Amino acid sequence: MMEPGLYHILFISAALFFIGVYGFLTRRNLITMLMSIELILNSVNLNFIAFNKYCWPGKLDGLFFTVFIIAIAAAEAAVAIAIIINLYRSHQSIDVENAEDLKY
Amino acid sequence: MNLLLLIGAPLLTAVAVLLSRNQQQVRWISLAGSVVQLGLAVALLLAFRQETAAGNTEQVFFEMNYPLFSSLGINFHFGVDGISVAMILLTSFVVIAGVLVSWNIENLPAGKAGMTKEFYFLLLLLALGAYGFFISLDLFILFFFLEISVIPKYLLIGIWGSGKKEYSANKLALMLMGGSALILVGMLGLYFTAGHSFDILTLSQTAIPAETQHLLFPFLFLGFGVFTALFPLHTWVPDGHSSAPTAGSMFLAGISMKLGGYGCLRVATYLLPEGAKQYADIIIILSAIAILYGAFATMMQKDLKYINAYSSVSHVGFSLLGIGMLTQTAITGALMQMVSHGLMTALFFAVIGMIYDRTHTRMVNEMGGLMKPLPFISTIFFIVGLCSLGLPGLSGFVAEMTVFMGSWQNDDAFHRIATIAAAMSIVVTAVYILRAIGQTAMGPVKNESFLQLKDAGWNEKLAAIILVAGILAIGIAPGWLNDLLRPAAEEIMNRIAGK
Amino acid sequence: MPNATTIALIPLLPLAGFILLGLFGRKYFKASSGIIGTALLLISTILALYTAYDYFFVYGNVNGVYQKFVPLQLTWLEFSEGVSIDMGLLIDPISVMMLVVVTFVSLMVHIYSLGYLKGEERFPTYYAFLGLFTFSMLGLVVASNIFQIYIFWELVGVSSFLLIGYYYDRPSAVAACKKAFIVTRFADLGFLIGILILAFCSGTLDFATLIERLTSPESNEVKTSVTYSFLGVSALSWGAMLVFIGGAGKSAMFPLHIWLPDAMEGPTPVSALIHAATMVVAGVYLVARLFPIFSITTPAVLELVGWVGAVSAIIAAIIACTQTDIKRVLAYSTMSQIGYMMFSLGVSGYGGEAALGYTASMFHLFTHAMFKALLFLGAGAVIHYVHSNDMKDMGGLRKYLPITHITFLIACLAIAGVPPFAGFFSKEEILLAAYQNNRTIYWIALITSGLTAFYMFRLYFNIFWNKPHHAHGENPATAGRHGEGGFVMMMPLVLLAVGAAAAGFIPFGEFVSADGKPLVSHFHLNFSIAPVAIGLAGILIALWFYKKQNDRPAKLAASLGGLYKAAYHKFYIDEVYLFITKKILFNLVGRPAAWFDRNVVDGMVNLTGKATQEVSEGIKKMQSGKVQQYAIYFLAGVIVLAALFIYVWR
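Chains as they are written, first to last, in the numbering used here: chain A, 1 to 104; chain B, 1001 to 1499; chain C, 2001 to 2650.
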């Protein structure tokens, strides 16, 4: 059995990233879009860990970054869901198309 | 003499105006403030003359320097030379006259009920900007005061204006801001090439490479040129003036356009002499065009304010021509023309305002025979018209002749032809001025109701007399103004000649 | 030595009158303004006469040559080292003579106006303007600096403007004053450029230095300025020519004369003062002042002066024969007589016997001031009486206006050159000078002299003889209830008549000559036969045509046909000017300039504004509010940046 290398992990991370981007751009449902953002963030986390492990094994910078991102992602999810709930209250829907009038 | 007084007086007056309770207080406080300013300006002139008489040969007098952002090389650096003194004097004359003609602004067609306070505040703010501009020796501070004087114009025209006032206010503010942007670029260019200094005196001692000067000069000259209605950047002038309230027009033409002229000379030409030499021919061509073309365009106007606005373009051309000629006499003439035109055009707009307030029209063909019901106003109209066409004994003549004499010192065909072209405008000026006077003040009375009009009130008389006194003081005895301006012009010429 | 205070007071007293009456006249001196103005001028006149006596008989003549004195010179405006406008007093024969002429005629007009304009509403204003004019004219006369002359030159122009436009509610007066000012302004443009050239060539504005530097052929100034040239004419000649154009404009020389006839819209005493005796001769005075330059350095220009004068003289005389407005006849006659003075300068040389023309010109200026002022004041009395300017409304007035009749006759005889009246002597000298130097001009002058006699006596017979006309205007027998105008109007007439009759006996050449040395004029009996004969012939023809009413003038006019019509319409010169100004300047220059400014230059500004708006309109579309669209822009941006970082900015 082959030991998974850096490229394997990068491949998965890239796939995860683009799935996230695809989801973000195509879904109309704000919750799904939020989930897509989580995918993108996690793909970044994966990258950080992988680079840390393979390129600078002695350091912890990548791991710290990942922890930060997880914390921020949690906060972001909380804020985003709060916005979505408010949007639902005013528009009775969480379709992103309905959020257009926020530009005014 | 402490130059900060010159900024302090209008500032305090403006604050006092804001704090005052009613129209009566506002007017008297403003008048008192402007009298103080006039007093200060005259005191400055006397103090300056005293210093010169005492043999003081410094470049600038009454210098004061306080650091503001030392790390960036920005200082409150003030000081005056002859040019500044003359300009400050002009400003104080126009301010007091402007305050006086706006005395009844509330009751006039353009007036807004209950907003007298704001009107006077803006006037004083504009004056503050002008005083600050003329005493600044630091480009950054100079720019700051220049911008201070732009905003009030926008509001004055936009709120108290007439006709298509929003359009004019926008156009004026945007064009002037565009000019400011050019100035800023040029200023920063200077700052970085000359070792991080905004100080005019320091910059004037610094050797700036000729290529840099060629590059930066157009920015500064065109930028200030917008303010002083350099052809073809003059189109804010007719619209701005025609929409502005009387005092607004007076300040605009009497003070604001002079900021530009002063900047063209003090900043662009003085600091970048090589650039000035490089572009002198273009300046001459543009100003000769402006002089003649402005005069011909004036000939076709029927609205009194348009007449004066276009004639301003033509007259201001003389100061730019003088700058472009790059001789000491011509530059003195250019400065004289600035002072003279400031007084004259302020008076012209004041008279137009007085006529408009009474007849409710500015169209010359709807007037006629105003001499009968309005002898005082018509007489002033005559005087200012004659000043405009360069009658000896009034200030216009002195300034124009000095420009011509100075221009003629360049003995090549190009300068000669430009001078002759400019001189031709004295005939065209006579044509349009006499047409305007002939159709308004003279001739049979066209509208019988005009016979019931009342002549000027005390405030209008006083305003007119103050400005006429200024015009006569220059026209009859130009020596004192010449003494004030010539050494300064010589200093500029020395820098241009590379001494 | 001349006393500076005395001489300075001569112009300053009328100025004081102007300031006093102009500021306070309407309020405080409504009735007394005339007296105040006249009294001040009387003092001026006495001072001028005293100065003249002092100069000519006490100190002026040193070793047989009349000297130039500059008792006062103040720097007014300094342009650069050595070039400055000075206000000074220059005392030499011609300026002293002019002081006397100006103050005397002005005094006469002041006195006359007391009666003529009595009861006018703007009486104080009128006297204020007269004061301003007299001040400016005197300042012009004593100017010691060429720019000083220009300053006062403009000031006399504006006082003339104000006085022509005195009846400001008449459209014709407004048009006339504008025309007078603008036409002379156009000429002044030439004068100004001429001054600039002369000042540049000589490096000074002071008359004495200027003349000194530009008349000696060896001087550096002349040598360098000859090398500059334009269109094959040297700079100095251009300068002299342009200065002459200024003089020609003020002196109403062809083709810049069109303002003078219209200027008759002003009150008649004003016409007598400004447009006959003083201001219009300023051009002659200017040429005389710079005569050494014209004569020594630029003789070609002097010849031009001669020709312009001669052409003006004859054209004006022809037109004068056809006009019916008596003031216009006099205006053309003025132009014709000034033409005499001009060509007399033109044919003159510098120094000695050859300078006869110069002396003759000044002499004629002097005598002309007397008789022409008299003619105008007489015409004023007539107009005052019949309330019309047209000679068709006059006739047979000799019974009603006896003093006016006699004085007018004296003036007519003087201008016609009948001995022993003043005009005879001065005209005689002019013709002699022309005969010696330029025969063509001499013949023109001789013909003009006949025409002069003819039109003057046509005027005289039409006003005072002929049959009384009642068709137009008022009946002369009943019209003038106020009679001839009383003492104040008659006294100036009589005094001027004495001058017109006797001024010729002054040995003028003794006092005034080009180089200051006395010039003895020889009286040639044989020579004077032709001019006198032709003058008498003119008078007789006029007598035959106009003494009694008959149809001979109409027949003559018909037989001359086109020529008569052209002369009647002043050779259509006005129309040409009107075409140039109205059609060309207004429609082809002014209108396009105004259009260009509003549409092209301002259009550019508006276009910039529009373009900014359009662009921001486009950018605004991107702000759709669609989150996913923003995400795509963001992604695209990231990809582009990434690509750039990877492939371009490695």
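Certain hints may be false.
To be verified - Keeping only pairs whose Cα atoms sit at most 27 Å apart, straight-line, the calculated DSS-like set for lysine-lysine is:
(1) A/Lys103 with C/Lys2621
(2) B/Lys1164 with C/Lys2555
(3) B/Lys1117 with B/Lys1164
(4) B/Lys1446 with C/Lys2582
(5) C/Lys2027 with B/Lys1454
(6) C/Lys2467 with A/Lys103
(7) C/Lys2621 with C/Lys2610
(8) C/Lys2610 with C/Lys2392
(9) C/Lys2583 with C/Lys2547
(10) B/Lys1302 with C/Lys2582
(11) C/Lys2392 with C/Lys2621
(12) B/Lys1461 with C/Lys2547
(13) B/Lys1461 with C/Lys2027
(14) B/Lys1372 with C/Lys2027
(15) C/Lys2610 with C/Lys2620
(16) C/Lys2068 with C/Lys2517
(17) C/Lys2467 with C/Lys2582
(18) C/Lys2118 with C/Lys2030
(19) C/Lys2565 with C/Lys2548
(20) C/Lys2626 with C/Lys2467
(21) C/Lys2610 with A/Lys103
(22) B/Lys1372 with C/Lys2555
(23) C/Lys2555 with A/Lys103
(24) C/Lys2583 with B/Lys1302
(25) B/Lys1372 with B/Lys1302
(26) C/Lys2547 with C/Lys2467
(27) C/Lys2610 with C/Lys2399
(28) B/Lys1372 with B/Lys1164
(29) C/Lys2392 with C/Lys2555
(30) C/Lys2467 with C/Lys2583
(31) B/Lys1117 with B/Lys1461
(32) B/Lys1372 with B/Lys1277
(33) C/Lys2620 with B/Lys1454
(34) B/Lys1372 with B/Lys1454
(35) C/Lys2548 with B/Lys1372
Hints are computed from structural coordinates only; laboratory data are not their basis. From a predicted model like this one, the values you see are computed outputs, not experimental measurements.
Hint by hint, here is what the structure shows:
| no. | hint | verdict |
| --- | --- | --- |
| 1 | A/Lys103 with C/Lys2621 | 12 Å, holds |
| 2 | B/Lys1164 with C/Lys2555 | 66 Å, violated |
| 3 | B/Lys1117 with B/Lys1164 | 24 Å, holds |
| 4 | B/Lys1446 with C/Lys2582 | 24 Å, holds |
| 5 | C/Lys2027 with B/Lys1454 | 17 Å, holds |
| 6 | C/Lys2467 with A/Lys103 | 99 Å, violated |
| 7 | C/Lys2621 with C/Lys2610 | 17 Å, holds |
| 8 | C/Lys2610 with C/Lys2392 | 68 Å, violated |
| 9 | C/Lys2583 with C/Lys2547 | 45 Å, violated |
| 10 | B/Lys1302 with C/Lys2582 | 16 Å, holds |
| 11 | C/Lys2392 with C/Lys2621 | 84 Å, violated |
| 12 | B/Lys1461 with C/Lys2547 | 59 Å, violated |
| 13 | B/Lys1461 with C/Lys2027 | 16 Å, holds |
| 14 | B/Lys1372 with C/Lys2027 | 16 Å, holds |
| 15 | C/Lys2610 with C/Lys2620 | 15 Å, holds |
| 16 | C/Lys2068 with C/Lys2517 | 12 Å, holds |
| 17 | C/Lys2467 with C/Lys2582 | 43 Å, violated |
| 18 | C/Lys2118 with C/Lys2030 | 11 Å, holds |
| 19 | C/Lys2565 with C/Lys2548 | 24 Å, holds |
| 20 | C/Lys2626 with C/Lys2467 | 104 Å, violated |
| 21 | C/Lys2610 with A/Lys103 | 25 Å, holds |
| 22 | B/Lys1372 with C/Lys2555 | 48 Å, violated |
| 23 | C/Lys2555 with A/Lys103 | 96 Å, violated |
| 24 | C/Lys2583 with B/Lys1302 | 18 Å, holds |
| 25 | B/Lys1372 with B/Lys1302 | 21 Å, holds |
| 26 | C/Lys2547 with C/Lys2467 | 9 Å, holds |
| 27 | C/Lys2610 with C/Lys2399 | 81 Å, violated |
| 28 | B/Lys1372 with B/Lys1164 | 32 Å, violated |
| 29 | C/Lys2392 with C/Lys2555 | 17 Å, holds |
| 30 | C/Lys2467 with C/Lys2583 | 45 Å, violated |
| 31 | B/Lys1117 with B/Lys1461 | 23 Å, holds |
| 32 | B/Lys1372 with B/Lys1277 | 53 Å, violated |
| 33 | C/Lys2620 with B/Lys1454 | 55 Å, violated |
| 34 | B/Lys1372 with B/Lys1454 | 11 Å, holds |
| 35 | C/Lys2548 with B/Lys1372 | 46 Å, violated |
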